[in-house]
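Trainee: Throw the hints in and build the complete structure from the sequences for me.
Protein sequence lines, in the order shown, are assigned to chains A and B. Per the numbering used here: the first sequence ends with 130, consecutive numbering throughout. Per the numbering used here: the second sequence ends with 206, consecutive numbering throughout.
Hints are computed from structural coordinates only; laboratory data are not their basis. The structure presented is a predicted model; accordingly, all values stated were derived computationally and were not measured. We treat Cβ as the ideally placed atom computed from N, Cα and C, and that holds for glycine.
What follows is a list of derived Cβ distance ranges for each label pair:
#1 B/E193 <-> A/M93: 43 to 53 Å
#2 B/E194 <-> A/T116: 48 to 58 Å
#3 A/M61 <-> B/E179: 18 to 28 Å
#4 A/V48 <-> B/T169: 27 to 37 Å
#5 A/E111 <-> B/M131: 43 to 53 Å
#6 B/M131 <-> A/K74: 35 to 45 Å
#7 B/E187 <-> A/T129: 28 to 38 Å
#8 A/E101 <-> B/E179: 33 to 43 Å
#9 B/G196 <-> A/L119: 43 to 53 Å
#10 B/M131 <-> A/G52: 41 to 51 Å
#11 A/R117 <-> B/V184: 27 to 37 Å
#12 A/K74 <-> B/Y188: 29 to 39 Å
#13 A/L119 <-> B/A205: 32 to 42 Å
#14 A/V48 <-> B/I160: 37 to 47 Å
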Amino acid sequence: MASNKICVVVVSGTRERLQMAAMTASVAAVSGQEVMVFLSMNALPYFVKGHGAKAPNEGEMGQLMENKNVPDFKTLFGQAALLGDAKILPCSMAMDVLGVEPEQMESFIGEPTGLTRFLDEVRDAQVWTF
Amino acid sequence: MADKKIVDGRGSFCPGPLMELIAALKSSQIGDELDVLSTDKGSVNDIPEWVRKVGHEYVSTTEEGGVWHIVVRKAK
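Mentor: Next comes the structure, spelled out in structure tokens:
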């Protein structure tokens, strides 16, 4: 039987990938699955409070979504945490490179997590990478 | 007495209406009916699927002038 735990790894900073990751995490979390999201590389800066830049579009779908009332990916990650108890964890290495502290992150972001703990957490989980 | 509430998800896209339903369920009582209004066709299939999966009661789906009404009863 497939694991009921999923880990969503997000390293891309493009709109389409952030959106698909947020949709997967939020729907899984509110459907009774245990969800852990690991944010690193180009995905992480969007979760620093006050980061105003829009995620660039990869293609046609990104452009279409930008102009329609598609739920914002940050809102969806927030709902995954609030409504579905998902753990949204920032990569500690990426935080060090960015030079940001935990209190500078959005309120739904959990504690900085290193690869050792991450690898331990995902041993019994399905891993989805965006 | 059970309430009937409107959850207005019109204009939003998947999974927006589902998330609005879940937020509304959290603040509802067992037996309450929630009428989700959606203009997103994906949600018409996805919401009943979610309702069955998590154990609430799916009541009905109707369409009126391009707006779907997906009625759900809180069961737990």
